[in-house]
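Chemist: What follows is the residue order along each chain.
There are 2 protein chains.
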Amino acid sequence: MSDQSTALSRRGVLRAGLAGAATAAGGAALAQAVASNAKPDPAITEVQDWNRYLGPGVEAAPYGKPSKYEKDVIRRNVPWLTAGTESSINFTPIHELEGIITPNGVCFERHHGGVAEVDPAQHRLMINGLVDKPLVFTMEDLKRFPGRFSKPYFLECAANGGMEWKGAQLNGVQFTHGMIHNVWYTGLPLSALLNEAGVKARGKWVLAEGADSAAMTRSIPMQKALDDCMVAWAMNGEALRAEQGYPLRLVVPGWEGNMWVKWLRRLEVGDEPWAQREETSKYTDLLADGKARRHTWVMDAKSVVTNPSPQKPLKHKGPNVLSGLAWSGRGSIRRVDVSIDGGKNWRQARIDGPALPLCLTRFYLDIDWNGQELMVQSRATDSTGYVQPTKDALRKVRGLNSIYHNNGIQTWLVHANGETENVEVS
Amino acid sequence: MSDQSTALSRRGVLRAGLAGAATAAGGAALAQAVASNAKPDPAITEVQDWNRYLGPGVEAAPYGKPSKYEKDVIRRNVPWLTAGTESSINFTPIHELEGIITPNGVCFERHHGGVAEVDPAQHRLMINGLVDKPLVFTMEDLKRFPGRFSKPYFLECAANGGMEWKGAQLNGVQFTHGMIHNVWYTGLPLSALLNEAGVKARGKWVLAEGADSAAMTRSIPMQKALDDCMVAWAMNGEALRAEQGYPLRLVVPGWEGNMWVKWLRRLEVGDEPWAQREETSKYTDLLADGKARRHTWVMDAKSVVTNPSPQKPLKHKGPNVLSGLAWSGRGSIRRVDVSIDGGKNWRQARIDGPALPLCLTRFYLDIDWNGQELMVQSRATDSTGYVQPTKDALRKVRGLNSIYHNNGIQTWLVHANGETENVEVS
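Going down the list, the sequences are from chains A and B.
Each residue of the first sequence is one higher than the one before, starting from 13 at the first, in my numbering.
Each residue of the second sequence is one higher than the one before, starting from 13 at the first, in my numbering.
Worth double-checking, as some hints may not be accurate.
For identical chains, the list gives no copy identity; a pair is met inside one copy or between any two copies.
[As the list claims (entries may be wrong)] Derived pair list, reagent style BS3-like, types lysine-lysine, alpha-carbon separation capped at 27 Å:
1. Lys77 to Lys163
2. Lys212 to Lys80
3. Lys329 to Lys303
4. Lys83 to Lys163
5. Lys408 to Lys236
6. Lys77 to Lys236
7. Lys303 to Lys236
8. Lys163 to Lys80
9. Lys216 to Lys356
10. Lys145 to Lys236
11. Lys329 to Lys216
12. Lys145 to Lys329
13. Lys356 to Lys178
14. Lys163 to Lys408
15. Lys145 to Lys327
16. Lys145 to Lys80
17. Lys77 to Lys178
18. Lys356 to Lys327
19. Lys163 to Lys303
Just so you know, the hints here were simulated from the structure itself, not pulled from any lab data.
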């Protein structure tokens with residue numbers, strides 16, 4: 013483990029980059045290109061031989077798809093994690109993505125009873141329970157209800173990183189941190205619908221129920237329901253995808269993903285939490301003393317370096333852009349620090365703002381890599397001042413029985429050949 | 013034309029909405045649903061008969077697609093507009109979209125020589141001309157160059173609305189205003205690459221050249237190139253789509269879309285504009301006196317109501333959400349006003365902020381419709397104070413020969429049956 017690798021000044025990296033390029037792996041290809049095709053001659057204006065492409069015109073794809081060269085940018089599952097596909101998980105390829113928007117096609121999935129296939133013309137949202145006036149809405153009713161708005165939020169599964177409580181398990185950031193996505197939702201404030209129904213004074217909880225075969229149900233405290241929850245029908249500008257709850261889902265900003273009930277068909281107002289199957293059999297945290305933490309809804313501040321990571325090794329010496337994501341369910345990301353020596357030294361990463369509240373935040377650190385081993389870590393600080401803990405610090409408090417709410421600092425070991433591995437730092 | 017339709021207060025619309033629902037078209041279906049399935053009984057907790065859905069699990073779609081019920085949310089072309097598909101246009105279905113992000117699958121296309129199919133491993137970006145040091149970059153070189161960032165921008169074709177100069181032609185906002193999209197780009201500042209090459213003192217222009225069969229080439233003034241242009245490889249978090257320039261395009265914020273050269277392979281620095289084929293045969297505006305406006309790059313402030321519009325008629329009396337988009341190539345949108353009586357009276361729309369610079373901005377007006385005819389218009393004001401003009405005002409200055417830069421106020425006539433038509437107000 014060397015600590016000689018130093019982040020250069022921006023201008024320094026630029027200089028080093030071009031000097032180093034010709035000797036690095038990619039530099040050879042570059043030099044060849046310069047020699048054959050590229051002709052770096054100020055006078056070039058003629059048509060080049062790389063001018064040979066002719067693809068289909070505008071009629072080919074009314075709804076377009078990614079380039080065939082991007083076929084590896086896909087959701088992946090870990091078959092042994094669950095018994096069957098109807099109750100399973102796949103993961104967002106966060107190592108392949110840029111910025112903060114997750115494309116709808118690769119937003120991770122977690123279902124308790126398969127994907128519900130709902131005809132929007134038949135779908136209804138009922139509001140009942142401790143309300144003055146029970147209501148049933150069609151999708152068209154919702155879309156003409158006043159108050160529509162759009163906002164971006166991250167959604168993280170409580171079990172994101174759950175396999176890592178006992179040590180480094182899964183060799184890829186897609187698997188260790190890929191139960192997260194970040195899209196721009198459109199819908200209505202839940203408060204507008206609840207106010208329309210008229211919540212009775214005793215009404216302190218809302219039960220959200222999905223139209224899937226699991227009838228996924230979660231209890232939401234009234235204060236959160238009225239604060240910032242949304243009833244959303246669109247993500248990133250278009251209708252929700254089937255696997256994300258089409259035609260309607262609950263958005264519970266900053267809170268664990270299972271509460272964001274998909275295929276939302278009913279909201280019942282009650283005076284206490286329901287303790288339904290899917291909120292007692294799961295989503296509590298068993299401590300070392302046998303007691304369980306309950307109602308652990310908020311996703312604490314967390315971050316991870318997505319590049320380099322096991323699926324995205326370092327391929328070139330010289331300048332490299334280290335990149336990652338940070339988020340907090342309690343506010344916005346104030347800063348991210350990065351270590352390349354396993355936590356001994358830290359440097360402040362560049363945040364690619366704006367750092368929106370309850371939203372993925374992208375960070376970068378421009379580094380110069382001379383081929384030494386690296387132990388890469390990132391550490392988020394959110395707007396409340398909370399600092400992302402080490403995994404060991406978490407384990408001291410939570411024990412080793414937990415599945416959920418692992419927001420500990422991730423370590424990637426970059427070998428001298430650039431290959432990158434999921435490791436623990438003790 | 014009645015002017016009795018009045019926007020109610022938010023609370024007023026809410027009340028009217030639920031009172032009116034039972035008597036309107038959608039209200040009947042709603043009432044039936046209440047009677048059959050919905051059982052608005054506070055005690056309901058059992059599984060409902062709409063609980064019948066079971067779709068595929070997580071292995072079904074590694075890269076997901078829209079629901080089958082959304083099959084009409086597609087790009088559409090107008091076959092007679094161009095001679096063949098290799099030089100053609102399709103349009104974003106903006107009447108179907110929400111918020112401000114355009115999903116990559118429906119971003120409009122305009123090609124001068126078909127879609128180039130470029131292997132990113134073979135692709136090179138050359139910088140040559142009046143520079144100290146000509147450079148050639150591989151895609152991997154660009155991705156490890158310091159300074160990567162992400163930002164959302166609208167891209168509008170100069171010809172958006174071009175068919176409407178002589179009067180109302182195309183009956184759908186997809187066709188009159190759909191040559192626009194708004195995505196979140198990731199890449200590098202063009203200035204960083206130009207600075208690396210070292211622009212000579214005489215270098216006042218940049219020629220951007222594409223790798224398509226048209227070798228699409230446009231001249232960009234150096235000041236703009238250094239100010240905010242980007243060399244981008246990702247849109248909305250994933251790689252550019254082939255039809256949007258995969259693997260690399262130029263981003264020229266606020267300026268006409270044809271300058272955003274796709275399949276970007278070369279940037280040449282020069283001392284004057286090139287007057288290449290695609291910037292002289294097109295993209296100038298012939299005035300009534302026979303002279304032509306040239307270098308008309310900036311897209312002036314513009315807005316349009318997307319709902320209602322001919323493809324999205326009004327279907328229900330009572331509350332309705334009027335919605336639309338506004339944008340300006342000179343800054344951010346400061347306000348949008350909406351008229352439902354053909355421009356006699358105006359009301360300020362609600363902007364669903366933040367109203368980002370050089371970015372689509374969503375606006376809403378909650379209205380109550382009693383079945384009267386409406387003449388719907390919207391009028392944008394940008395951060396420079398510029399107010400979107402009427403089409404007649406534009407024609408007085410530009411004559412009737414123009415194709416490009418039609419940012420006049422659009423009028424939709426909503427008939428008593430809700431059907432909506434593209435019309436002119438004289």
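Chemist: Could you run down the list of hints and mark each one as holding or not?
Modeler: Evaluation of the provided hints:
no.	hint	result
1	Lys77 to Lys163	both (25 Å within a copy, 22 Å between copies)
2	Lys212 to Lys80	neither (55 Å within a copy, 39 Å between copies)
3	Lys329 to Lys303	neither (50 Å within a copy, 56 Å between copies)
4	Lys83 to Lys163	between (30 Å within a copy, 25 Å between copies)
5	Lys408 to Lys236	neither (30 Å within a copy, 55 Å between copies)
6	Lys77 to Lys236	neither (38 Å within a copy, 32 Å between copies)
7	Lys303 to Lys236	within (26 Å within a copy, 63 Å between copies)
8	Lys163 to Lys80	between (31 Å within a copy, 25 Å between copies)
9	Lys216 to Lys356	neither (47 Å within a copy, 48 Å between copies)
10	Lys145 to Lys236	within (21 Å within a copy, 58 Å between copies)
11	Lys329 to Lys216	neither (58 Å within a copy, 35 Å between copies)
12	Lys145 to Lys329	between (66 Å within a copy, 22 Å between copies)
13	Lys356 to Lys178	within (23 Å within a copy, 69 Å between copies)
14	Lys163 to Lys408	neither (37 Å within a copy, 41 Å between copies)
15	Lys145 to Lys327	between (62 Å within a copy, 25 Å between copies)
16	Lys145 to Lys80	neither (53 Å within a copy, 34 Å between copies)
17	Lys77 to Lys178	neither (39 Å within a copy, 36 Å between copies)
18	Lys356 to Lys327	within (25 Å within a copy, 64 Å between copies)
19	Lys163 to Lys303	neither (37 Å within a copy, 47 Å between copies)
In summary, the numbered hints that this structure violates are 2, 3, 5, 6, 9, 11, 14, 16, 17, 19.
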